Amino acid sequence: MSTKAHDSNHEDHGMGRYVAVFAALLVLTGVTVWTGEMDFGSWNIIIAMVVATIKASLVVLFFMHLWDEGPFNRLIFVVSILFAIVLILFVFGDLMFRIPGLLPPSIQENDIPKILESHHHH
Amino acid sequence: MSSSEAHDSHNPYLAHHFDTMEQQDHAARLGMWLFISTEVLLFAGLFLGYTVYRWMYPNTYQACANLLSIPMGATNTVVLITSSFTAAWAHHCIKINQIKRGLGLLAVTIVFACVFLVVKYFEYSHKFSVGQLPGKWYSFDGLQAPGANLFFAVYFLATGLHGLHVLIGMTVLGIIGYRTIKGRYHGGNHVGVELGVLYWHLVDLVWIFLFPLLYLI
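Chains as they are written, first to last, in the working numbering: chain A, 227 to 348; chain B, 49 to 265.
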């Protein structure tokens, strides 16, 4: 039962890999804050999610060793991500394409926030 | 890892229903990844709630995000990323039998977790004092919008559940430290440290998405 493949993440990649990932995560945090304060319109959310996905992938693959993990454990994690995507896409699809009359009335027209500038942080 | 130990049937760390240490460690990691998958799905529900309400009230969500402090959120992001790094480092040290350094790094990781919670406390207390709260408790005069209380419902549920994970993670790291002091974890038996540290990385992972979604966009 026990093979080398099962134990492959016991191979020691040393601290070098952790340091590199740590540095990349700090740089990407800077990038996401920097781009978050600029106005790209609807691209802001896409940029932020792409950067977050890269950061999360670095954490999962190298801090959490999924890169060196056996295929079964990889499969378990990937399947959970797929189900999360299915959950969000299907509910969101229902929301977008539902008969308009079934949504709460004039919800989008009511979405006009009244802001007092004195309370604003930035 | 030394393979001689793994094949030693008298290894005190090897449970009788496993043939080798490798097999036992493999089973332990499998269980941890199954648990992490349930955690992913737990938080997916909250991200779904965020997505739905953001789609309904895009302008309000943007206005509410502007009420959060980016410096505080960014500080906590750096704190958690650094703590993930020190946790990985701690495991590395225990794995190569640098027990004292490993314990020190576990302590540093727990201190970073405390810093995260202190920053969160200041953020929460500010929101409580100005009435940026979920549902019927929302009483903030500075921003009046039908979806604002929904934003803060998602904010408090998501950051609250994440904060609970920070507390549990700190406890897990503390238990690992205690067991390491007692001599249970070292180069010959460290999968317990590895799994506890995996949980801590999960805490970091969730925050990587919460920070941009709540504070930035």
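Hints are computed from structural coordinates only; laboratory data are not their basis.
All values reported here derive from a predicted model rather than from experimental measurement.
The reader is advised that the hints may include incorrect statements.
Here are the simulated lysine-lysine pairs, DSS-like style, with alpha carbons at most 27 Å apart [unchecked claim]:
#: 1; chain 1: B; residue 1: K230; chain 2: B; residue 2: K143
#: 2; chain 1: B; residue 1: K230; chain 2: B; residue 2: K168
#: 3; chain 1: A; residue 1: K340; chain 2: B; residue 2: K184
#: 4; chain 1: B; residue 1: K175; chain 2: A; residue 2: K340
#: 5; chain 1: B; residue 1: K148; chain 2: B; residue 2: K168
Far from chain A, by Cβ distances over 10 Å, these chain B residues were calculated [claimed, not checked]:
#: 6; residue: L82
#: 7; residue: F170
#: 8; residue: Y186
#: 9; residue: L191
#: 10; residue: G240
#: 11; residue: L246
Stretch by stretch, here's where chain A covers chain B in the computed footprint (C-beta under 8 Å, at least three residues) [as the list claims (entries may be wrong)]:
#: 12; stretch: 199 to 210
#: 13; stretch: 215 to 221
#: 14; stretch: 225 to 237
Ideal Cβ positions, reconstructed from N, Cα and C, are used throughout, including at glycine.
### Task
Against the structure, test the hints numbered earlier, and report the numbers of the ones violated in rising order.
As far as the earlier hints go, 2, 5, 6, 9, 11, 12, 13, 14 are violated by this structure, in ascending order.
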